Amino acid sequence: MSGLRVTADKDTGVAVVTLDRPARLNAIDLAMASELGAAWREFRYDDSVRAVVLTGAGDKAFCTGIDRDASVPQPGSPYMQDDPLLGVGPKANDLWKPVVAAVGGMACGGAFYLLGEAEFVVADETATFFDPHTAYGMVSAYESMLMAQRMPYGEAARMALMGTAERVSARRAYEVGLVSELTPPGQALAAAAACATVLAGYPPEAVQGTVRALWAGREAALATAFAQAPALVALGNLPAGRQAELFRGRHREHRTR
Numbered sequence: 003m004s005g006l007r008v009t010a011d012k013d014t015g016v017a018v019v020t021l022d023r024p025a026r027l028n029a030i031d032l033a034m035a036s037e038l039g040a041a042w043r044e045f046r047y048d049d050s051v052r053a054v055v056l057t058g059a060g061d062k063a064f065c066t067g068i069d070r071d072a073s074v075p076q077p078g079s080p081y082m083q084d085d086p087l088l089g090v091g092p093k094a095n096d097l098w099k100p101v102v103a104a105v106g107g108m109a110c111g112g113a114f115y116l117l118g119e120a121e122f123v124v125a126d127e128t129a130t131f132f133d134p135h136t137a138y139g140m141v142s143a144y145e146s147m148l149m150a151q152r153m154p155y156g157e158a159a160r161m162a163l164m165g166t167a168e169r170v171s172a173r174r175a176y177e178v179g180l181v182s183e184l185t186p187p188g189q190a191l192a193a194a195a196a197c198a199t200v201l202a203g204y205p206p207e208a209v210q211g212t213v214r215a216l217w218a219g220r221e222a223a224l225a226t227a228f229a230q231a232p233a234l235v236a237l238g239n240l241p242a243g244r245q246a247e248l249f250r251g252r253h254r255e256h257r258t259r
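For the sequence shown, this note's numbering gives the first residue as 3, with consecutive numbering after it.
It cannot be assumed that every hint is accurate.
Label-pair restraints from in silico Cβ distances [claimed, not checked]:
#	residue 1	residue 2	range
1	230	96	34 to 40 angstroms
2	48	154	32 to 38 angstroms
3	252	84	25 to 31 angstroms
4	82	186	44 to 50 angstroms
5	78	211	39 to 45 angstroms
6	211	244	44 to 50 angstroms
7	47	24	27 to 33 angstroms
8	61	218	35 to 41 angstroms
9	77	24	31 to 37 angstroms
10	70	236	28 to 34 angstroms
11	207	82	37 to 43 angstroms
12	77	173	22 to 28 angstroms
13	155	215	38 to 44 angstroms
14	251	32	22 to 28 angstroms
For the record, the hints were derived by calculation from the structure and aren't laboratory data.
This one's a predicted model, so the numbers in the text were calculated from it and none came from an experiment.
Every residue gets a Cβ at the ideal spot worked out from N, C-alpha and C, and that includes glycine.
Please build the complete structure, drawing on both the sequences and the hints.
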């Protein structure tokens, strides 16, 4: 696996899935998207893995969403859209073992597909959360729908609408409940692994049943919301060329500051 690193400790029953593209701020290309789906599906059949930690390599980012160099051909109809990130999370792959996310650095945009399907999030004090979609002329649909179930509505709305103008600090994310534990810099992975080790030590049937029950409380609302997302994206997104212009312009502005 070129963009994903998977390790498992047979003694503790904990696997660690690491997004391993630090030079690209752990952005998800099409190969990594496929690898993530394959990893979650493989865990379904590996009874030695009873809990999973999800993290990102390096100290700059957990994940910055889809790689902007990824080419995703789209059907011509607004009623059909292909989104490779819809299949990157554990729940999308029918995995009901607990997943704890460990976040350091930036987590933005498409990273919320992953955080939205984790049971809870541990972050260190360097973590920042933001959603750049609106700044680049794009609708935040799936991401904001997932975050609206992890944060108070007003906080999710502010993050989705403010785009690149504002970042949610680790402290603020902890205060509003997006993050369940805040650690000193560099210690989120160890703290998440400690939680996962506890979960892996409990009877797996009870743990997995609880994970499934928790998700059942969310999935009906998400299914209804997700059904509207393709049309909202098709109606609200600027053409790809205009999006690219906005992206280049904001990055030039950032470099001159």
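- [ ] Determine whether the Cβ-Cβ distance between residue 230 and residue 96 falls within the hinted range of 34 to 40 angstroms.
- [x] Because 23 angstroms falls outside the window, the suggested range is violated.
Open item on the list: The hint says 27 to 33 angstroms between residue 47 and residue 24; measuring C-beta to C-beta, is that right?
Closed with: With Cβ atoms ~30 angstroms apart, the hint holds.
- [ ] Mind checking the hinted window 44 to 50 angstroms against the Cβ distance between residue 82 and residue 186?
- [x] Because 47 angstroms falls inside the window, the suggested range holds.
TODO: Using the beta carbons of residue 70 and residue 236, state whether their distance is inside 28 to 34 angstroms or not.
DONE: Given range 28 to 34 angstroms: violated, Cβ gap about 20 angstroms.
TODO: Could you check the hint for me, namely that residue 61 and residue 218 are 35 to 41 angstroms apart, CB to CB?
DONE: 36 angstroms, holds
Open item on the list: I want to verify a distance hint. Is the separation of the beta carbons of residue 155 and residue 215 within 38 to 44 angstroms?
Closed with: Distance hint for residue 155, residue 215 is violated at roughly 23 angstroms.
Open item on the list: Against the range 31 to 37 angstroms, how does the distance between the Cβ atoms of residue 77 and residue 24 compare: consistent or not?
Closed with: The hint (31 to 37 angstroms, Cβ to Cβ) holds, given that residue 77 and residue 24 are roughly 34 angstroms apart.
Task: Outcome for the supplied range 22 to 28 angstroms, where the beta carbon pair is residue 77 and residue 173 - done: For residue 77 and residue 173 the Cβ distance comes to about 43 angstroms; the hint is violated.
TODO: Could you say whether the range 32 to 38 angstroms given as a hint is met by the Cβ separation of residue 48 and residue 154?
DONE: At 37 angstroms between Cβs, range holds.
TODO: Starting from the hint 22 to 28 angstroms, judge whether the C-beta atoms of residue 251 and residue 32 obey it.
DONE: 26 angstroms, holds
Open item on the list: Quick check on a hinted range of 25 to 31 angstroms for residue 252 and residue 84, using CB atoms only.
Closed with: 26 angstroms, holds
TODO: Using the beta carbons of residue 211 and residue 244, state whether their distance is inside 44 to 50 angstroms or not.
DONE: 48 angstroms, holds
Violated hints, listed in ascending order, are 1, 10, 12 and 13; each of the other numbered hints is respected by the structure.
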